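What follows is the residue order along each chain.
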Amino acid sequence: MADTLKPPTEVPQTSDDPTQLVVRRGPLAAALSHQLVWPVVALVVLLAVNVAADPGFLAIRIQDGHLFGNLVDILRNSAPVLVVAIGMTLVIATRGIDLSVGAVAAIAGAIACTTLVDSASQGAAATAIIACTYALAVCVLLGLWNGFLVSVVGIQPIIATLVLMVAGRGLAMLVTDGQITTVNNDFFSGMASGFVLTLPIAFVLAVGVYALTALITRRTALGMLIEAVGINPEASRLAGVRSRTIIWTVYVFAGLCAGVAGLVIAANTNSVNANSLGLWIELDAILAVVIGGTSLAGGRFSLTGTLVGAIFIATLARTIASIGIPPEANYLFKAIVVVVVCLLQSPQARGALRAHLAPARSPKGGARA
Amino acid sequence: MTQTEAPVLPDATTATSAGRPADAPVPVVEMRDISITFGAVKALSEVSVRLYPGEVHALMGENGAGKSTLIKALTGVYSIDGGTVLVGGEQRSFGSPAAAQDAGISTVYQEVNLVPNLTVAENMMLGREPRIAGAINTFAMNRRAAAVLQRLGIDVDPRSVLGSHPIAVQQLVAIARAVDVDARVLILDEPTSSLDSDEVAKLFDVMRHLREKGVAIVFVSHFLDQVYEISDRMTILRNGRLVEERMVADTSQLELVQLMIGRDLEVLERLDRDAAAAAEEPAEPAVPVLTAVGLGRKGTLEATDLELFPGEVIGIAGLLGSGRTELARLLFGADTADRGSLEVGSATGRRSGRPGRRRLRSPRHAIDRKVAFSSEDRKGEGVIGDLTVADNMLLALQASRGWLRPIPQAVRTQLVDQYIKALDIRPADPHALMRNLSGGNQQKVLLARWLITEPELLILDEPTRGIDIGAKTQIQALVADLAAQGMSVVFISAELEEVLRLSDRLVVMRDRRKIAERPNDGVSVSDVLEIIAGPQATTTEKEETRG
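Sequences listed follow chains W and F, in order. Residue 323 in numbering that gives the first Met the number 0 sits at position 324 of the first sequence; the count goes up by one each step and never skips. Residue 418 in numbering that gives the first Met the number 0 sits at position 419 of the second sequence; the count goes up by one each step and never skips.
Hints are computed from structural coordinates only; laboratory data are not their basis. Please note that the accuracy of each hint is not assured.
Sample of chain F residues with no beta-carbon within 12 Å of chain W, all distances over it, derived [to be verified]: (1) R183; (2) S251; (3) F372; (4) E496.
Computed, partial: chain F to chain W, Cβ under 10 Å [to be verified]: (5) V147; (6) G339; (7) L393; (8) L396; (9) S399.
In this text the structure is predicted, and so the values were computed from the model without any measurement. Glycine included, every Cβ here is placed at the ideal spot set by N, Cα and C.
Here chain W stands alone, though its shape is the one from the complex:
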């Protein structure tokens, strides 16, 4: 094939071919251009602020064979947002968004808890497993519904998932009869408070979801196909990509992730309040994805970026508490930090900043002299 395809013409190849743009950069500039640098820098700065406020902030001690300390708490608290954000990353990569994840999490918690309460053997591990499976199955159905609206009916994702965002809370209320349902099952509460290999189970679970998702998307062709659909849906369709199936699948996956997060949250309090479980978690998840460097316009996505983003958000929540921001200023502080981090992420904003600082320093670091 190669021989027969050989073009019969010779195009003059010169050393200074202008189509070959070579941009020479030092190792530092190359490292700084990596998309994970800024989220990580932001995270480190945030930790430094904490250390400044409390020199013992980073201390970790071992107690009963488990790790204890602020950092461990942060990891555990980041678990629900991380799981939701991983599902959200894939949805956003297809140019979509899923606003219903908080409501789906509430439904998962509600179903698991009511199943446990209604069961004859409430304390048994097997009952907990059945209850969780049941809850996750419902979440898959809810994800199918979202995916159906987006990929088959063709409703814009933000509207399609808004339906379930609003209706989902109502469904969860129906399941719990509007009551705060409290459960008593050691296996179930272990999901939030337990430890495995000295680490909180919740975090290990979340990292497991992250690793599995990364494996499935990057070791198979799924990640590339998701990106192709997100960047140019029509070109992908004409290249034979089953865009509809792919889009449908990511919503189902997002629903499943939301369900897992809902179970972890419910297990953390051993109860479910359909009104507050997972409230606004969709916004934290979207923030985690954006901080991690995945564009809301779809296309290239970074699961590792999302991991860093979720930990950042959990750290931020802890920071607000530990440096003594007054409770009434909580949200404002969070908003300011998020805006700053998002600006750091934007190459344009960094370029403007660099241009502003340039007269002060030597402009050697610029891409073009």
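Got chain W sorted already, so can you dock chain F onto it with the hints?
Same frame as chain W, now just chain F:
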């Protein structure tokens, strides 16, 4: 006809002209020894260009010769590393396209850079809307837009949404927008690549009108005939260097092509011979690759019959909106037919179905039957800009394997390297992002995407639009080679010479219908034009392009 109308322009040596003051005219823009460097690469090396008022100045060269870079240097998109720009005799440097526009230098780019979901008038006035007390005066805006459109003879409702019009109309609106900003220099980068001959004539009328008013027009086009029809002077670039400045009237087309690419046209001549030889052979294999009976779709294509045999190239000729693209899309399942039947694949009737009900449901369905389709809309329906060249090339193959069976790394590397080499794709870097490639190279990557799937039937809709003559020749040669190996090809192009050069059989479309089909044995361009024009051509065509 234009040669006589064109004002006599000062050339490099004599600076006298009729209809102009006797003193030497000052160039409205003069670029002297411009150099631009990207990293270690010199994109432009000491290039000089002079633009005089009231001339059409063609900027000629292959893709990558530096035409776009030069334009972007003039309009302030790129900063200049060496040399000077004089505007009206004063040294200037523009920090941004807006600054260049304020100085009277307007640009219309090849890809329409407008907002599809705003109206025509809103697009034309974007950023300089007439206002009443801060609010946009919609009435005045529409009236002014209508006046400009009418002056240019463009029949479009200014209140209609831009995206509802074909690309050709959008292009004319972009030009109308640029003209409305009282421009001293108008830069048209491939303005005719999506226009049919009627619309080109209309555009040229507008250009002549502007030339008479003293506007300097920079015209970039790959259509040599158009360059010769409208231009007075040209500057030829190659590999970022100035080759020569010439008067168009003093340069033959052959000379020009040799200056641009530095090699002769032997290849094209060989192709012509091959096509002639193929037409003589009465090759008539038994089993068709494609059989369409009464295939059509409401509002896009009347019922059409078509048969295609292995190793055969069918050329489809017709104007924009004649149904040529619509037919191609139905043959690939990009749109679904609502009447007639279509069977593809050499094993006809591979799947049993009710007779007369066989159609393609989706592109995927067609790909499974070894059909490939390269869309005319490269940017919108082909390129995945943010993925790498390698991913773009392997997309169709990967899609048909399914996500669970990734192409092994060794195979990936081998396929990608092979096609980069075979199609001479530059830069030859599989990890380059697709959006950073030039149009010609993107087109080659898209061709590679389909060749990798080893199709039996290749449908090419305008595969050579907007790409330079070197790449164009390579693609034409490739199509001929593929057909010689037994691949069947449907070849669609607005350039009739190209269709005639490559095809064994010719299908002519008009008014969403196939109006003629004949073997390509000595058919000439004027024969085809006659068929297209038909008896009552002028009225129906106009309606066609509008819808």
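Tested hints:
1. R183: holds (28 Å)
2. S251: holds (21 Å)
3. F372: F/F372 not clear of chain W: closest Cβ-Cβ about 7 Å, inside 12 Å.
4. E496: holds (18 Å)
5. V147: violated (32 Å)
6. G339: This interface hint is violated because 22 Å lies over the 10 Å limit.
7. L393: The hint holds - F/L393 has a Cβ within 10 Å of chain W, the shortest such distance being about 8 Å.
8. L396: holds (9 Å)
9. S399: At about 5 Å, which falls below the 10 Å cut-off, the nearest Cβ of chain W leaves the hint on F/S399 intact, so it holds.
Figure legend: structure checked against the earlier numbered hints; hints not met, in rising order: 3, 5, 6.
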